[in-house]
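Visitor: So the chains spell out like this:
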Amino acid sequence: MGDCHYLYGNYMTIKRITFLQELLAFLGLEGRVHLAWISSAEAQKFVQVVTDFTEKIRALGPNPLPAFSHNKKAAASEILKTVMGHTPESTAEKPPHQAGHLQ
Amino acid sequence: MECKLVPSICSYCGTGCGVLFEVIDDNIVNTLPMKTHPVNEGKLCIKGWNLHEHVNSFMRLKQPLIKTFGRFIKADWDEAIGLAADRFRNIIDQYGPDSVGVLVSAKITNEENYLAQKFARAVIGTNNVDHCARL
Amino acid sequence: MQQKVKQWLEDGTIDVFLGYKKMDNHSLPHCFTQARIEEVDDLVISLDRYPLEKIAAHMTALKPDLNVGMLARDCNQRALNVLYIWNQLNPDQIHPINVNCCPSPLKEQADCSYLKPAAVGGYKREEGVDNTFQPEAFHEYGQEERLARWMYEFQKCIKCYGCRNICPVCFCKECSLEHGDLIGNGALPPEVPVFHLIRAVHMAGRCIDCGLCEDACPMDIPLRLLYRKVNEIVTQVFDYKTGTSATQSPFNILGDTVTLEPKPIQLSGTDNG
Numbered sequence: 001m002g003d004c005h006y007l008y009g010n011y012m013t014i015k016r017i018t019f020l021q022e023l024l025a026f027l028g029l030e031g032r033v034h035l036a037w038i039s040s041a042e043a044q045k046f047v048q049v050v051t052d053f054t055e056k057i058r059a060l061g062p063n064p065l066p067a068f069s070h071n072k073k074a075a076a077s078e079i080l081k082t083v084m085g086h087t088p089e090s091t092a093e094k095p096p097h098q099a100g101h102l103q
Numbered sequence: 001m002e003c004k005l006v007p008s009i010c011s012y013c014g015t016g017c018g019v020l021f022e023v024i025d026d027n028i029v030n031t032l033p034m035k036t037h038p039v040n041e042g043k044l045c046i047k048g049w050n051l052h053e054h055v056n057s058f059m060r061l062k063q064p065l066i067k068t069f070g071r072f073i074k075a076d077w078d079e080a081i082g083l084a085a086d087r088f089r090n091i092i093d094q095y096g097p098d099s100v101g102v103l104v105s106a107k108i109t110n111e112e113n114y115l116a117q118k119f120a121r122a123v124i125g126t127n128n129v130d131h132c133a134r135l
Numbered sequence: 001m002q003q004k005v006k007q008w009l010e011d012g013t014i015d016v017f018l019g020y021k022k023m024d025n026h027s028l029p030h031c032f033t034q035a036r037i038e039e040v041d042d043l044v045i046s047l048d049r050y051p052l053e054k055i056a057a058h059m060t061a062l063k064p065d066l067n068v069g070m071l072a073r074d075c076n077q078r079a080l081n082v083l084y085i086w087n088q089l090n091p092d093q094i095h096p097i098n099v100n101c102c103p104s105p106l107k108e109q110a111d112c113s114y115l116k117p118a119a120v121g122g123y124k125r126e127e128g129v130d131n132t133f134q135p136e137a138f139h140e141y142g143q144e145e146r147l148a149r150w151m152y153e154f155q156k157c158i159k160c161y162g163c164r165n166i167c168p169v170c171f172c173k174e175c176s177l178e179h180g181d182l183i184g185n186g187a188l189p190p191e192v193p194v195f196h197l198i199r200a201v202h203m204a205g206r207c208i209d210c211g212l213c214e215d216a217c218p219m220d221i222p223l224r225l226l227y228r229k230v231n232e233i234v235t236q237v238f239d240y241k242t243g244t245s246a247t248q249s250p251f252n253i254l255g256d257t258v259t260l261e262p263k264p265i266q267l268s269g270t271d272n273g
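Protein chains in written order, with this note's numbering: chain F, 1 to 103; chain L, 1 to 135; chain A, 1 to 273.
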């Protein structure tokens with residue numbers, strides 16, 4: 001930290017990346033953003049990080065977003081169906097909790 | 001400096017959303033949705049949100065233009081209406097009244113829409129009347 | 001309140017006062033001036049909220065030495081603080097009259113964050129995101145379900161830019177949401193979820209949780225929940241409280257240094273929902 005060529009660069013980067021990781025996790029896209037500090041002299045580390053991350057992404061599977069953008073609303077409904085294991089209309093038991101914590 | 005917030009109705013379609021114009025020193029600078037309006041309840045579409053832009057736009061047409069040899073030339077209303085009437089007359093004489101259609105719009109009033117269909121049926125003699133908001 | 005406004009207008013403390021006035025049973029924002037001081041008697045605290053500070057910013061942009069008084073709820077005050085911090089308004093020129101808004105039995109010092117949201121329809125509850133959720137409650141869904149539900153909401157977007165236009169703290173001349181390379185032109189819905197995420201990221205350290213965006217959304221997207229999460233991250237990770245902290249947000253260029261460390265890659269346990 002702090003020895004970035006652009007002085008404050010990596011401080012700003014980690015702030016934004018940390019924020020983004022949290023936000024994407026909230027939307028259900030966890031683990032697809034990763035940040036590591038690698039100097040241009042650390043070839044070994046670079047290879048290691050890239051290999052690890054590739055493995056991880058492979059395990060996560062393809063990016064789910066295109067499915068949503070092409071098939072429009074039907075896709076969201078379909079995916080929700082598979083996720084929940086039944087059609088949304090027929091649910092009576094679902095919502096995991098009652099909403100609206102309004103104090 | 002004077003700032004007025006003028007309630008008005010969006011002129012883009014027949015829905016009639018309530019808008020508030022932010023008028024600073026006689027210039028419309030912004031549009032806000034009217035929260036208490038029964039039609040839109042504080043919501044607007046993108047056209048409504050940008051109502052203020054066309055009022056002072058330099059692209060706005062302020063007088064009729066006649067296309068002559070591929071270029072638009074400024075004209076006065078008598079000239080433009082005369083030309084349009086002549087061309088309509090020619091077309092109707094040559095191809096019959098059903099070769100003309102009248103397309104009206106939600107941007108004009110009910111009465112003007114009525115006049116337009118009357119014009120189509122009684123003057124031109126066609127039933128080709130349609131409206132941009134025929135949903 | 002009326003007395004104070006009249007006095008301010010008469011002794012020249014303020015040139016204009018932004019408040020609300022009943023007009024044919026609609027309470028509309030109104031600009032009170034000394035020339036028509038008798039109107040001040042009709043000044044009301046309306047339950048319908050408009051971004052008054054945005055109007056003030058428009059006026060002072062045209063006339064920089066204008067003194068503006070305005071009615072300020074808690075949310076207006078937070079928005080004012082943010083606009084002061086980002087040099088959009090000069091605190092010396094703004095004279096807020098603080099009012100306690102939205103009285104509710106739940107909280108004596110209630111502000112709009114605690115207003116009871118409208119009930120949510122059944123279909124939305126099954127397929128989409130309930131507007132009444134708090135971020136933690138929504139997080140109880142599984143990862144894939146969270147994504148599916150948000151995508152359902154985002155796909156409804158008709159790209160009216162209402163959320164940005166009504167936002168009291170959105171003041172940029174050039175907006176990333178209009179950038180052709182980031183957001184494609186002429187397609188509906190706008191590229192999901194990029195449109196909403198760009199706005200969410202830009203709201204970090206800005207959003208004051210006034211809820212006007214969700215109010216203005218014609219498609220009823222639970223934007224407030226999204227930006228609440230944004231605020232929660234900003235508060236928890238950066239210890240920055242938007243609207244009350246006195247400095248620019250940690251995302252500012254040359255912001256404070258931080259002690260965060262990159263997170264290690266976790267090969268298992270990706271779903272912690």
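Calculated directly from the structure, the hints in this document are not laboratory data. Even glycine gets a Cβ: it sits at the ideal position worked out from N, Cα and C. Incorrect hints may have been included.
Stated by the list, open to error - So the derived label-pair ranges between C-beta atoms look like this:
no., chain 1, residue 1, chain 2, residue 2, range
1, A, M1, L, N50, 33 to 39 Å
2, F, A67, A, G180, 47 to 53 Å
3, L, D78, A, I37, 48 to 54 Å
4, A, Q2, L, N56, 48 to 54 Å
5, F, A67, A, Q2, 44 to 50 Å
6, L, D26, A, Q2, 33 to 39 Å
Said to hold, decoys possible - A short list of chain L residues far from chain A (calculated; beta carbon distances all over 12 Å):
no., residue
7, M1
8, K4
9, N30
10, G42
11, H54
12, F58
13, L65
14, G82
15, D98
16, T109
Visitor: In ascending order, which of the hints set out earlier in this document are inconsistent with the structure?
Guide: 2, 4, 5, 6, 7, 8, 9, 10
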